[in-house]
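**Student:** Chain by chain, the residues run as shown.
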Amino acid sequence: VSGHRRARVPVVALTPTLTSRSRRARSSWCLPCLLLTLCSYLQLLREISETSSFFYAGGGYDLTNCLQRNDYHAWKASSAGGSGDAAGAEATRSRSGSVSRMAGAGGSSVTSSGSVASSAAADGGHGRHASHHRFDTDACLEAERPAPPVGAVVHRDAGAAAAVDPAHCDERFFWNRRALNAVVAAGPRARGFVTPIMNGFVEAAHCPVAESEVGLLLISRRACTRQGTRFNMRGADAEGNVANYAESEQITTLEDGRLSSFVQVRGSIPVLWEQPVSLKYTPRVLLKGAEAANHAVFGRHMRCQLTRYGAVTAVNLIDKKKDQQRLGEAYEREVAAFGRPELRYVWFDFHAECKNMQWQNLRRLVDLVANDFASYG
Amino acid sequence: VPATVYKTLVVDALYGAFQLLSGPYLAVVSKSRRVARGPYHAPIFQVEDMKWLPIRRLAARSSSAGDATVALSPEEREEEEM
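These protein sequence lines map, in sequence, to chains A and B. Note that the working numbering has the first sequence beginning at 1, numbered continuously upward. Note that the working numbering has the second sequence beginning at 1, numbered continuously upward.
To be clear, the hints were calculated from the coordinates, so they are not data collected in a lab. Treat each hint with caution, since some may be false.
Stated by the list, open to error - Chain B stretches covered by chain A per the calculated footprint, using a threshold of three residues with CB under 8 angstroms from any CB of chain A: (1) 10-22; (2) 36-42; (3) 45-51.
Think of the CB as a built atom: it goes at the ideal place given N, C-alpha and C, for glycine as much as any other residue.
Go ahead and model the full structure; you've got the sequences and the hints to work with.
**Tutor:** Here you go:
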C-alpha cells in the first residue's frame, strides 16, 4: 500500500476480510437491506443537520459578510440606482426611512465606516496565532477592499432587503452555497429562494450605558473549508485554506443608529504541517512540503487575507520551545519570504508570558500591537 | 397554489438540493428561532430543525407531470411571505 514495505502485512490480513464481506454483501443484497442502508444514511444526514445546528441565516441581511462589506454592497446598490449624489441620497432616506450611519472612533456623526479592525488567531499545537486586519478606507482600492468612501451615509431600503445577492456573499462562510448551485444558477428570478446559511455562533446582548442602551452583537463565522478536529486538521491546504478558520465580528450599536464593527479572524498556522495523534500528550509536529510549496501556500493564504481585510497584523501565540518553536520559526521564515509591508508579524509566547495564570501580562501583547490598533481607528 | 399539490409544507428556508443514493433530496429548514436582531434591525435566525424531502415522492404526489421544482414552489412561496 502506497509503496511502504511495512504496510504489506495489514493488506494480507485485510484481503480475506474484504472479499468475504463483499461476498456476503452480494448474496444478501436484497431490498430490505438496501432500504436499511439508505435509511441509516439519511438518518445520519438528519442527525448531522440537527445536532450540530449552529446554523444561522439573516432575514434580509447577509450574515456571511461582515457589517462593513454589507454596507459596501448597500452603498453600491444605492449609488448605482441613480441616487449617488447628496440630493438623491436624501430622497432615498425619506422613502425608505431606514438610514444607518457608520461612525469611526472619532465619534463625529458621519465619518469613515472604514474604522473596522480585525484580528486573527490560529491554532498551532496548543498555541494560537492571531492577526489583526484593518480596513483602511483612505488608502483602499475599491475593488480590493470594499468599503464605502469616507463620510458615506449608507441607505438601506427595507423593501429591497428581502433578497440577498448570492454573488456578494462570502463563499468562505456560505455553507449551503454548493447545495444551492442550481438555484443560484437560475439567476435573479430565483433569488428569493436563496438563503445563505452560515455556521458558527450568534449572540446579542443589551447593556445600559449612561441612560442609553448599547447593543452588543457577537457573530462568529466558521469557514466551510478545511474544518476538522484538533490534531486531525492542521495547517494549510494547497489552496491556502487553513484549518478551522473563523471570523468573529463584534458589533456595537448605539441608540442614535451609529454602529461599529470589530472583526477578528483566526486560523491554523498557514504553512504545510501535520500533528498526527499518538500516545503522547503532545503529538509531534511534522513540517511538510518543500520550501517552494510552502511559499506558494503561504502566499495564497496571506494574499487572500490582505485582499479581504487590508493590512494584517499576524499575532502568533505559540510556545517558543520544542516543536512549537520549529513551527513558529517556519511561520516567521514564510513571513520574511513573503515580504509585504502590510503584513506585520508578532510572536507572543502566550504560555510563557502568562504562565501561572498571570493574565495581566496580556498587557504586554496589547502594548505590542497598540500602534496597529491605533491605526485601525 | 395549483390544485395539483395537495400537501403544503411550510418551511422557513431552503438549505439546498442534494443528490443522495436514493435520489435527489431537498434539505429545508423546518424550524427556526430568532436569536438576535442584527444591524439595521435585520432578524437573525438560528436553524433548529431541518427536513430532508425526497424530490421524486413530492413530484409524484402532484398529479400533473410537472417536475419537482414546480411541485415545491408553492411551499417556498409561503416561505418568502414569512
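**Student:** Look at each hint and say if it fits the structure.
**Tutor:** Hint check:
no.: 1; hint: 10-22; in the structure: holds (count 9)
no.: 2; hint: 36-42; in the structure: holds (count 7)
no.: 3; hint: 45-51; in the structure: holds (count 6)
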